[in-house]
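Participant: Going left to right, the sequence shown walks through residues 18 to 131 as my numbering numbers them.
Warning: the hint list may mix true and false statements.
Pair ranges (Cβ atoms, derived) [stated by the list, open to error]:
id	residue 1	residue 2	range
1	N121	K96	50 to 58 Å
2	S87	R120	21 to 29 Å
3	W78	Q56	28 to 36 Å
4	E53	E91	47 to 55 Å
5	L79	D110	19 to 27 Å
6	Q56	S102	29 to 37 Å
What the hints contain is simulated information worked out from the structure, not anything from laboratory work. Even for Gly, the Cβ is constructed at its ideal location relative to N, Cα and C.
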Amino acid sequence: MTTHNQRPSISILYFLTILFAVSLFAQDAPDLEVAEQLQSIESAQTVDSRKLGKVAVEVEWLLAELESNSLFDEAGGEKVAVFGSVITDVAEDNLPAAAQHLRNARLESDAYQQ
C-alpha cells in the first residue's frame with residue numbers, strides 16, 4: 018500500500034528528471050535549441066497533466082460505481098482510491114510544477130541570450 022511518505026519521492030523524481038534533462042540539453046545544444054527543447058518538454062508536461070487528469074476522473078467514476086454497487090471492499094476499492102489519489106497528485110501538482118520549472122528555465126535562458 019502506498020503511504021503518504023512515498024508521494025514526495027515522486028516530486029523529487031520529477032525534479033531530478035528535469036534537472037538531468039536541462040543539463041543534457043545545455044551541454045550539447047546552442048542556447049536557442051535549449052529554449053526550444055525546454056518549451057517542448059514543458060508542453061509535454063502540460064499535455065501529460067491533462068491526460069492524467071482525465072484518468073483521475075475515470076478512477077473517481079470507478080470508485081463511485083464500486084460504492085454504488087456495494088463492491089468497494091470486494092473489488093479492492095481502497096487500493097483504487099490510493100491509485101486515484103496518486104494520479105490526482107501527479108496530474109494536479111507534480112506535472113504542473115515540472116512545467117513551471119521548465120518554463121522558468123526557458124525564460125531564464127531567453128533572458129541570458131539577450
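Participant: Each hint should be assessed against the structure and marked as holding or not.
Facilitator: Structure-based check of each hint:
{"no.": "1", "hint": "N121 / K96: 50 to 58 Å", "verdict": "36 Å, violated"}
{"no.": "2", "hint": "S87 / R120: 21 to 29 Å", "verdict": "46 Å, violated"}
{"no.": "3", "hint": "W78 / Q56: 28 to 36 Å", "verdict": "34 Å, holds"}
{"no.": "4", "hint": "E53 / E91: 47 to 55 Å", "verdict": "51 Å, holds"}
{"no.": "5", "hint": "L79 / D110: 19 to 27 Å", "verdict": "21 Å, holds"}
{"no.": "6", "hint": "Q56 / S102: 29 to 37 Å", "verdict": "31 Å, holds"}
Violated hints, in rising order: 1 and 2; the structure is consistent with all others.
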